[in-house]
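In order, the protein sequence lines correspond to chains C and V.
Going by this note's numbering, the first residue of the first sequence is number 498, and it counts up by one from there.
Going by this note's numbering, the first residue of the second sequence is number 498, and it counts up by one from there.
Among these hints, one or two may not hold up.
Note: identical chains are not told apart, hence a pair may lie in one copy or across any two.
[Claimed, not checked] Here are the simulated SDA-like cross-link-like pairs (lysine to any residue), alpha carbons at most 25 Å apart as the crow flies:
{"no.": "1", "residue 1": "Lys-867", "residue 2": "Thr-908"}
{"no.": "2", "residue 1": "Lys-733", "residue 2": "Thr-605"}
{"no.": "3", "residue 1": "Lys-867", "residue 2": "Asp-544"}
{"no.": "4", "residue 1": "Lys-744", "residue 2": "Asp-814"}
{"no.": "5", "residue 1": "Lys-1046", "residue 2": "Gly-1033"}
{"no.": "6", "residue 1": "Lys-858", "residue 2": "Val-848"}
{"no.": "7", "residue 1": "Lys-867", "residue 2": "Asn-951"}
{"no.": "8", "residue 1": "Lys-700", "residue 2": "Glu-736"}
{"no.": "9", "residue 1": "Lys-1046", "residue 2": "Gly-1023"}
{"no.": "10", "residue 1": "Lys-870", "residue 2": "Leu-925"}
{"no.": "11", "residue 1": "Lys-867", "residue 2": "Gly-855"}
{"no.": "12", "residue 1": "Lys-1050", "residue 2": "Thr-908"}
{"no.": "13", "residue 1": "Lys-1050", "residue 2": "Ala-631"}
No lab work stands behind these hints: they were computed from the structure.
Protein chains: 2
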Amino acid sequence: MTAKRYALGLDYGTNSVRALLVDIRTGRELATAIHNYETGAAGVVLDARTPDLARQNPADYLKGAEVAVRRTLALARTAERSFDPAQVVGIGVDTTGSTPIPVDREGTPLCFGKEFRKNPNAMAWLWKDHTGFAEAAEITALAAREHPEYLAKCGGTYSSEWFFSKILHCRRADPDVFDAAWSWVECCDYIPAVLTGETRPEKIRRGRCAAGHKAMFNAHWGGLPAKEFLAKLDPKLGELRDRLYDKTYTSDVPAGRLAPAWAKKLGLPAGIPVAVGAFDAHLGAVGSGVFPGKFVKIMGTSTCDICVWPSDKPLADIPGLCGIVEGSVLPGYYGLEAGQSAVGDIFNWFVGYLQPGGPAKGSHEALTRKAAKLRPGRSGLLALDWNNGNRTILVDQRLTGLLIGQTLHTTPEEIYRALIEATAFGALTIIRRFEEYGLAIDEVIACGGIAEKNPLVMQIYADVCGKEMKVARSSQTCALGSAIAGAVAAGAHPWFAEAQRAMCGVKLRSFKPDPGRHKIYAELYGLYRQLHDAFGTKAEAGSLFNVMKDLLKIRDRELES
Amino acid sequence: MTAKRYALGLDYGTNSVRALLVDIRTGRELATAIHNYETGAAGVVLDARTPDLARQNPADYLKGAEVAVRRTLALARTAERSFDPAQVVGIGVDTTGSTPIPVDREGTPLCFGKEFRKNPNAMAWLWKDHTGFAEAAEITALAAREHPEYLAKCGGTYSSEWFFSKILHCRRADPDVFDAAWSWVECCDYIPAVLTGETRPEKIRRGRCAAGHKAMFNAHWGGLPAKEFLAKLDPKLGELRDRLYDKTYTSDVPAGRLAPAWAKKLGLPAGIPVAVGAFDAHLGAVGSGVFPGKFVKIMGTSTCDICVWPSDKPLADIPGLCGIVEGSVLPGYYGLEAGQSAVGDIFNWFVGYLQPGGPAKGSHEALTRKAAKLRPGRSGLLALDWNNGNRTILVDQRLTGLLIGQTLHTTPEEIYRALIEATAFGALTIIRRFEEYGLAIDEVIACGGIAEKNPLVMQIYADVCGKEMKVARSSQTCALGSAIAGAVAAGAHPWFAEAQRAMCGVKLRSFKPDPGRHKIYAELYGLYRQLHDAFGTKAEAGSLFNVMKDLLKIRDRELES
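Just chain C, with the same shape it has in the complex (with noise of 0.2 Å):
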């Protein structure tokens, strides 16, 4: 029997840091650990002056490395007698993204530094930021007039969560940060720049995902978007560019080899390969199985949404998908991304703000118990999911929730069903958009937080799209993408594709939809569809005289049924 071998993923969340052991020949999971973030509030900085904004402390993410990948060696030691760190061949990490930082000329974080010390727009501007909403619709119109290639792969819009929003957003809300920022780097880069040794933002190896889908680089058009495009948005933007980057990667490849003061405070091998970073989604839909017809939903705070699709064949651009990106997940392949930007979070804004009967009543459990025992249409009341924004197929931060159809009698439980429906609509709305593009959909593998946890949510969904949902084996699919990356990063299995085939599979219950539930979820789909028009697209609406009482024709029919 040859020794273990083991990959390290690390996973940068909203809330937390998380570290995986993987045997790279089983998939088995051997330890793991998380440390959540200190700042803030759940380790998201806020304002409540400013609801869009929210912002972290990079330096919740060094020592969550740390105390992470220390406890889970420990766990792994305890789990494993014979466990020995020597035996980890490499290491991967995934994050949050867009989350840029502004950094000095040496890659530190601004408000590592005297001067910006707690100013938020010197910390790291976390995906969920929406603070550059106007920036992003000026973008988005200079893109349309000048260069509408750069939208084509990217949906149609150019989101207020990506890269240059952020970034010409804080040149106008805060020069002086602008000004001292040498550079900005992602979230993604950043962790793998800092654990190789090497923060200087010329020698940071970025990743393709993150340039990709959200600072619109594309080799088509040399990499990032033109200078003078950037400089028509303000001269500075322009300048910027040169400190940027111009190449590549993809996470198959190292950043670099882990350096020695990181290994000895990690409590591993120095030198080990660490692999290119990138989002969370991307490397989760790996560690889930992604592959062509296989459709990955990424279910936690948010949804991603992942598909791949051949480098090779042709493929049309999708409007309103969040990005199309050669290589962003599989090398070799297209990888698609579409999402929710509220999924978890709205499902948590309930429980936590609205704390239905107390914090006992209103807990996720004791409200998905009643909500369980509920059925479709009898609450007459519809939601839509746009709590945080639409990121697909609206691409739009400037939306906000709705519920309509409550009387006198409405409990929290129909409300909270009735968010997961709206969930559950946007999802189908989204896999509508690939399948009206060709893209074939066979098997829907979700993962994450919900899809583990709340078996209700995933029989819902499977109602409302009318597709089995099946859920991958992994509880840490991000994590464990990471660790495949880390794995292939160090040449430990020659591509993606044969670690997947290693280290993934769905587990053994999945959920199929009930014909008679996704017959009135359709019905009810056609009303989400008439508000989703009505209010997210400048389409004339029609008349809606009909939205509250097909509600209530709908109630009354399966009451009485």
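Could you slot chain V onto chain C? The hints should help.
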């Protein structure tokens, strides 16, 4: 000093009955007591499978009269040692409505018999019962074709809350009860009938108020709708007309005199006049001092808006008004009734059903305290106040609630405030409709539980409507109005206006609109009307793309101001 004289008002609300003893010369309220109905949920019989159903047990009314009057008299003796029940000169009665009761040949409610005991269809059909919505549409359609004059006086739509919708629904849903009913009697006619010892349907003096507002009774077409009209809806409904009534009375005349048996039960002198009954809102308006130019809002679980107009002056039919009935409020004046199907009930729903944060944090008091600190426009929220349908100006019970603008940070107090604002926008819509048709509104006088208890609501109404809101001096204007009717029916005052001058007033504290807040609310009202018309009328909605965006624009501007 002449001996003091008192009138007794009996006010039958949705959950309880109140007795009030008033000095007829000064309006001093000597004593009052309430009795909560005992059947069902807070006095209302519900059915989980039929959310539109709301019934009451008439036995609760009778026990309530006895308990509340006896307690009131006992308290009166405590308040004033010299008080003697012999000083009570008359009784007035107001109730909710339309609340018809199916009765037998003797005028006894069918649910008092063995056959239909516990059958909700044999009980009182409470005003807010909407089970007859299909029948309401049928009546409206037939009247529109054959007797448009019927509809012109009740706002163009016959409501599911009204007399014939309920009776026709009973005919369809429970023919046994319908067949067993010799006649149907409004609650406000039933109580005086019981008190005067004459319940035989053909002997009951039916009130103009209930007949005119809810049963399309009008002298212009000879009383109730034509027999052949009713027969077209259902032959048996045509037959029923002969067993209803062809004369009605205003509340300044006696229905009869207090019967000895009931005098004994109540502890009052036998033979004192009992005024013809009317609806709570109408006598509440009397108790608030309604007069031409003085617009009264009775604000409770729902809201009634009442104004009067001299019968000898021209008055157009006003679309969307619940009713225009000569003599329904003050003899010699048209009574004009409008209203909102739910106001306090919406806040009660939010507090009682959602209970955000638990019973303590989610109480009206706690939410009001927090909501009072918020400023208009800052939440980005907007709601429609249709959780229980829309009485005026849409006259459509098949409408539901809507909340728009939720983010991931929306708080319970923001929603609570948005619900208050929604009801204020609904109130403004009604006021505007009156003004559009030439009824000058010089003064708004509010009364009822909300006007009494919630200065935040009153201030928001003032700010939204741009009008000073006064509050009636009495906390019990409905019962006071009933007492006034009792006093006038007894001849102790020659007519209502004189009794009002003696017995009514407004509180010192009024609520003046703030011009800055009014301006913001004017913007929000524009968006409210956009949603109101989109979901509540058949008009083309145009594009609603602006709604969420405008709310966010207002929010961001106000957060920065």
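Evaluation of the provided hints:
1. Lys-867 with Thr-908: Result: close both inside a copy and across copies, 10 Å intra and 23 Å inter.
2. Lys-733 with Thr-605: Cα proximity of Lys-733 and Thr-605: one copy only (20 Å, versus 87 Å across).
3. Lys-867 with Asp-544: between (35 Å within a copy, 19 Å between copies)
4. Lys-744 with Asp-814: within (23 Å within a copy, 75 Å between copies)
5. Lys-1046 with Gly-1033: Result: close both inside a copy and across copies, 21 Å intra and 10 Å inter.
6. Lys-858 with Val-848: both (10 Å within a copy, 14 Å between copies)
7. Lys-867 with Asn-951: Within. Shortest intra-copy distance 13 Å satisfies the 25 Å Cα cut-off; inter-copy 34 Å does not.
8. Lys-700 with Glu-736: For Lys-700 and Glu-736, only the intra-copy Cα distance (18 Å) is at most 25 Å; the inter-copy one is 94 Å.
9. Lys-1046 with Gly-1023: both (13 Å within a copy, 23 Å between copies)
10. Lys-870 with Leu-925: within (23 Å within a copy, 40 Å between copies)
11. Lys-867 with Gly-855: Answer is both: 15 Å inside a copy and 17 Å across each meet the 25 Å cutoff.
12. Lys-1050 with Thr-908: Within. Shortest intra-copy distance 19 Å satisfies the 25 Å Cα cut-off; inter-copy 31 Å does not.
13. Lys-1050 with Ala-631: Result: close only across copies, 11 Å inter versus 41 Å intra.
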